[in-house]
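Assemble the whole structure, with the sequences as input and the hints as a guide.
The chain contents come next:
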Amino acid sequence: MGGYDVFRSQNRGGVWTQPVGMPYAFNTVQENSNFILNNNAPGFVASRFDEKSNERNIFAIVAIDPADEITTASGTISLEDGMNVDPEISLITLKNLKTGEINYCNAGHNPPVLLSSGNVGFFPVEPNIPLGLFEGFEYKEQNGVIPNGATLFCYTDGLTEAESETKELYGEDRLLKVLEDKELYTSKNQINAVYEDVRAHVGNADQSDDLTMLSITVFYKTISRKIVITNDLSEIETLKSTVDSFCEEVKISPELSMQLQLVLEEAVTNVILYAYPDKKGDIELELSQCNGHLTFVLSDRGIPYNPLEKEDPDVTLAAEERPIGGLGIYFIKQLMDEVGYNRNDGKNIFTMKKIQNN
Amino acid sequence: METIIEQQSEKTIIKINGRLDSMNSGDFEKAITPVLEGAMKDITLDCTDFEYISSSGLRLFLTLLKHSKSKGGKLCIKALKPEIKSVFDIAGFTPLFQFE
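First to last, the protein sequences are chains A and B.
Residue numbers for the first sequence follow the working numbering, beginning at 1 and rising by one.
Residue numbers for the second sequence follow the working numbering, beginning at 1001 and rising by one.
Think of the hints as simulated: they come from the structure by calculation, not from any bench.
The structure displayed is predicted, hence computed values, not measured ones.
Beta carbons are placed, not taken as given, at the ideal position from N, Cα and C, and that holds for glycine.
Each hint should be verified, as a subset may be incorrect.
Stated by the list, open to error - Listed below are the simulated DSS-like cross-link pairs for lysine-lysine, each with C-alpha atoms no more than 30 Å apart in a straight line: (1) B/K1081 / A/K353; (2) B/K1085 / A/K333; (3) B/K1085 / B/K1071; (4) B/K1011 / B/K1085; (5) A/K280 / B/K1030.
What the hints assert, rightly or not - To list a few chain B residues with every Cβ distance to chain A over 12 Å, as calculated: (6) I1013; (7) K1041; (8) D1042.
Claimed, not checked - Going by beta-carbon spacing under 8 Å, a handful of chain B positions derived as facing chain A: (9) L1058; (10) L1062; (11) L1065.
Written as C-alpha cells, this is what we have:
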C-alpha cells in the first residue's frame, strides 16, 4: 500500500459496485499528492493494462505545476501514450498534505464546491478556457488551502446542466442546497445524495450530457494508532487496551467507547477465528481520528472473506428459533456509519467509519 | 471476568463480574456448564458488576435462556447497566429476556 491508495466504484443501475483498488499504490515525496481529473477517466486516476507487453502503466499522474502542464497540453490534447484528453480539464496539485495548501488550475470547468466546518460554497477558480481551443494560451494557476477535514466536491457540467423533462437545468443553487445537508459527512453519502437529487430532477427525460462527480475529503491532522496482533483470542486484551487509550486520547464519550470496543472486538474476533485456518498469521488494525471522523482499518493476509456478504440475522425471532451466533457483523453494520470491504494485494481490508458526536 | 454461582432454594443465581468478551467467554461457558446440566429451571443473572458484553457473551445468555425455557422455567437479568442494555436492544434480545 502506498501513501495514497485510490479506489474506484461505478454506479450501475443505481447500485455502487464494490470499490476496487488501483493496481499500484501511489507514493510521492513527503506524501504530497497530485490528481488529474478529466472526463475520460472519470474521478479515477487511471492505470492501463497493456496486453502486448503485459505491463501496467499509470499514465494520468503528474507532479508538475498545474498551469504549466495545462498550457503545454493546450492545442495538443493528447498525453504521452496517445490517449485523448477531454477538452475540459481541471488539475489539482496537493502541495502540502501537512497544511492543506494546494496549487490548482482550471480549464473551462465548473468551480468545485468546498464543504468545510458546516459552510458550503464554491471554491474560487479562474475559468480560463477549455483545453485545446488556442495553442499557447496561458492558463492562470491559483493557490489555496483546503482546511483540515474539508471536502472538495468536483463535477462536470453534465451535473449542473442536467435537463429535466421541461428542459430546466439542474443548476448550481440546487447542488449547493443538497450539499448543505450536514448528515452527508462522507464523500460516498454526498455523491449518492447528489446522484439521487439529479435523477429526481431529470425524471424521464433523456440524459443530456455525461456526468462525473468526485468528492475528495482531505485529512491532514490525524491521531492514529496501529497494532499488529496474531490470530489468538488472548490478543483481545491488547485490542482492548489499545482502543481504551485511543478513545481517551481523542476524547470519545464512554457510551461511544463501549460501542467501539464492541465493534472492534467483533471484527477482530472474526479474523482471529476464520482468516488463517490451522496456522499463525498477522492481523493489522489501524485506528485514526481526524476532525471528528473515526476510521478503523482492519487487514489480514488470510483467506479471502467479505464479512459484508453475510446475511443479517433475523432479530425478531423468538428465543427458541434464534440461531446461535451471526450477530457480530450485524453489530458492526448497526453501530458504524459506513463499512467497506476490499480484497487487494492478497489482503482482506475491512474499513469502518464513524462520526464522533460528543 | 469472574462468575459466582449460588444455588438458592428455588433458583440459581449467576453473578457475572467484569467483561464478557470473545477472549473469556470460554471460561464463562465452562462455569455455567453445571447449571446447563442441572435440574434447576429458574435462573437470575446478577449484572450489578457486569461491565461489557459482545456477541460471544450474548450467545451464552441465549443458551441459558433456551435451557431455562425448555424446562418451563424463567430467566431474569438483574441490574443491567443501560449501556449494556443498548447492546441487547440492537441484537433484538430485549423482548426475549425479563429484566429487573
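Status of each hint after checking the structure:
1. B/K1081 / A/K353: Given pair B/K1081, A/K353 holds - Cα atoms ~26 Å apart, limit 30 Å.
2. B/K1085 / A/K333: holds (18 Å)
3. B/K1085 / B/K1071: holds (26 Å)
4. B/K1011 / B/K1085: Distance of about 23 Å is within 30 Å: holds.
5. A/K280 / B/K1030: holds (26 Å)
6. I1013: holds (20 Å)
7. K1041: holds (14 Å)
8. D1042: Non-interface label stands for B/D1042: nearest chain A Cβ at 15 Å, farther than 12 Å.
9. L1058: holds (6 Å)
10. L1062: Where the cut-off is 8 Å and the nearest Cβ of chain A is about 6 Å from B/L1062, the hint holds.
11. L1065: Check passed: Cβ of B/L1065 comes within 5 Å of chain A, closer than 8 Å.
The structure agrees with every numbered hint stated previously.
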